[in-house]
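**Q** Here is what each chain is made of, one letter per residue.
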Amino acid sequence: MRTLRETVYRLQPEAEPDDVLATVATRFETRRRTEGPVLETWYDTFDGRLRGSGGVLRTYRRGSETRLAWKAANGSFPRELPADEQPGFARSLPLGPVREEIEPLIEMRRLLPFVETERREVVLDVLDAERKTVARVALEELRSRASGARAWKPAPPVLRAVPLRGYDGAFDELCAFLAEVPGLVADERSRPDRALEAAGIEAPRDPGKLDVPLEPDLRADLGLRRILRALLEVVLRNEEGVRADLDSEFLHDYRVAVRRTRSVLDQVKGVLAPRPLERFRREFKWLADATGPTRDLDVFLLHLDEYERELHDTDLSKLRAHLVRRQRAEHAKLVRALSSQRYRKLIDGWTAFLADESPPPEPAPRHAAKPVLRVFSKRIARLYERMIASEAARAPDAPGSELHRLRLQGKKLRYLLDVSRNLYEPEAVGRAVRELKRLQDVLGDFNDFEVQREQLEAFAGSLAQSGRADAATLLAMGRVIERLRLRGDEARAGFARRFERFASRENRRRYRELFGAGRKSGR
Amino acid sequence: MSVLALYSIKGGVGKTASAVNLSLLAAREGARTLLCDLDPQGAATFHFRVRTSVPGGAKRLLRREDALSEAVKATDFEHLDLLPADFSYRHFDVRLDREPKPGQGLAERIAAMGSQYEQILLDCAPGASLVSENVFVAADALLVPAIPTVLSLRTLARLLQHLQERAAPPPRVLPFFTMVDRRKALHRKVCAWAAAHDLGFLDTRVPYSSTVELMSVRRAPLAAFAPGSPPARAYADLWTEIRARLQAPPRRAADPADVQAILTDLRGAGGR
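In the order they appear, the protein sequences are chains A and B.
Take the first sequence: its position 69, counting from 1, is numbered 103 in the numbering used here, and each next residue is one higher.
Take the second sequence: its position 243, counting from 1, is numbered 235 in the numbering used here, and each next residue is one higher.
Think of the hints as simulated: they come from the structure by calculation, not from any bench.
Cβ atoms here follow ideal geometry from the backbone N, Cα and C, with glycine treated the same way.
Among these hints, one or two may not hold up.
[To be verified] Here are the simulated distance ranges between beta carbons:
no., chain 1, residue 1, chain 2, residue 2, range
1, A, Ala210, B, Glu57, 29 to 37 angstroms
2, B, Pro94, A, Pro112, 33 to 41 angstroms
3, A, Ser87, B, Arg174, 55 to 63 angstroms
4, B, Pro222, A, Arg101, 27 to 35 angstroms
5, A, Leu73, B, Asp173, 42 to 50 angstroms
With the rest of the complex left out, here is chain A:
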């Protein structure tokens, strides 16, 4: 079966919309009607996960009812359901195929409205001899605005040719005709894209994804500023979502950007003037500490869903309530920190520092003028060597602290690779990152389970002391603790194999080729 897609045409200035419709009506038997206004709100996660998957989610009003319409990637069939409330988390969608398709795409992220549209159309139903509609032509007038904004912005009108299932021939004929109509130019953009452009807003995209343009021979100080500016941008883009606690991932991405910033500052020394950096390092440490407790609780709450599924006969509701209370309290503290003078001063000062690209005062830091490629390659190569040399961690009975240390080194390496990857051959560096990621995943799991277990033991202790927990809740916590211990053991078992690959001859050669000389590997 052929899957026909609607074709959209932009009208050139010389094409009068009414004339175009009249032209169609002279060639085909048509029935003219108007549709709309239809109010539509388009949803995605902040990092554009639906868009990334090729899916489109919107709500629209029909009479007094609001409906949710979901279309997964091309070729699939659209689905609709009544929308009693604004879509938010996947778990609040009604059970059914829509939720089944959306949940794995957005996971823990909240669906947010990103653009609103108001659509009016003049529709020509193209009819056959039985006066049955076999295709449609719609002249679409669209206004759009950022969600929550007041003023509408008009988008240029477009003509849509809409196929009807089972009438391929009629649609082909219509498209062939429209292709010959002067002033019509095919337009590949979707309706939300046209709306975004009219409203002058950006499409939701992954703000955590770094794509810092770097040329290998760029001065290291300029390159490093560029990287740090990109990281600052991620921090700022996520700030609002962190304050509003829209979902856990705003804070996650925010913290990753802060951590990357700190890590880069620690790793790449002798490039920027050391004195102001000392203060920024201190202040970013403060910021990382201020955001930590909320994140820990977020992670716990995210895992709790999983435990509930696994221990389905155990009541974790009291534990959840307790965690939610603590998360709210910690988040309130976090918001206070983000509203403080100290925070403002840090962000303003850092912004100004990164914007200043004037030559460094003499004596210039010793690596400032070196090519950015050389500086990063050297650092990456050294970190990798140090990681594969950590014999202590490879022992099957290595203490948790050794694995922890290896994990931190791995993080540093990962951050350096992430921020500088545009300097290197993409495929090779991609493979290097993948090997590292595999290793980090087990180390991360091991660490998460350890941390959660310790926290839970502490919670259980404090709950028991306060007398607020009943025996059932404490028992439930005990079961979760046991579960965490098991999962930690599993992660450790997986570690040896991953490390083997990470330290393999092949991976070593890859690192040597990519980062060895800091020269020949450059693009």
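Assemble the complex: chain A is given as a structure, and chain B must be docked to it using the hints.
**A** Using the frame of chain A, we list chain B on its own:
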């Protein structure tokens, strides 16, 4: 996905009118809906102005996995598609008989459409045949229109008895009265009897109306040209009731003995 079949052994009881109107009501609720016109007469297809022609006909539908999907046509109504009728469907029984699983071949094709549609309605030809056996397998419920007359009730009793005798678990049966004429004593009496005894009949009754006959002149469902008319309102109520009934746990199934009881009662009263 849910499959509802408009089915009755007897002809002329309002299967097609019901299928056409209910399918539009389902689609208007936003469910992607497919109406399969399995009746070679093609009346439902005619109502949607679609040509009664399916390339390859009954044979291809049964033989080729994607043939049904390829034959589907969009109607003029959003979310509502149609599998058109074809005159070759009169040979469905013969074709099915040659299939490895005569009682399931068509049912499997219909079930496969569940990946594309949330609601499937079957407009079945009257009679009891291999096609009916497939319908019993495919359908979650049989919607059985019945005129409140002796002959309609007699065939309903026969159907209920047949479903009881089959080895396989029967689909739910939801009979409802159509073409109800309040001026006729017999209609009033049968309806009252059904209401007084829990026979599993749906509460909503579709009144006799010339507006329903106009559907074939206007070639459209009632909601498209006479949305406020009494039969259009009755179908809307009927659809609401069907959905509610399907969501609720099954009530006591209609029993052939119950229907026989009405018939005996009617005979005792001399049919008056």
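**Q** State the violated hints by number, sorted upward, taking the hints as numbered earlier in the document.
**A** none
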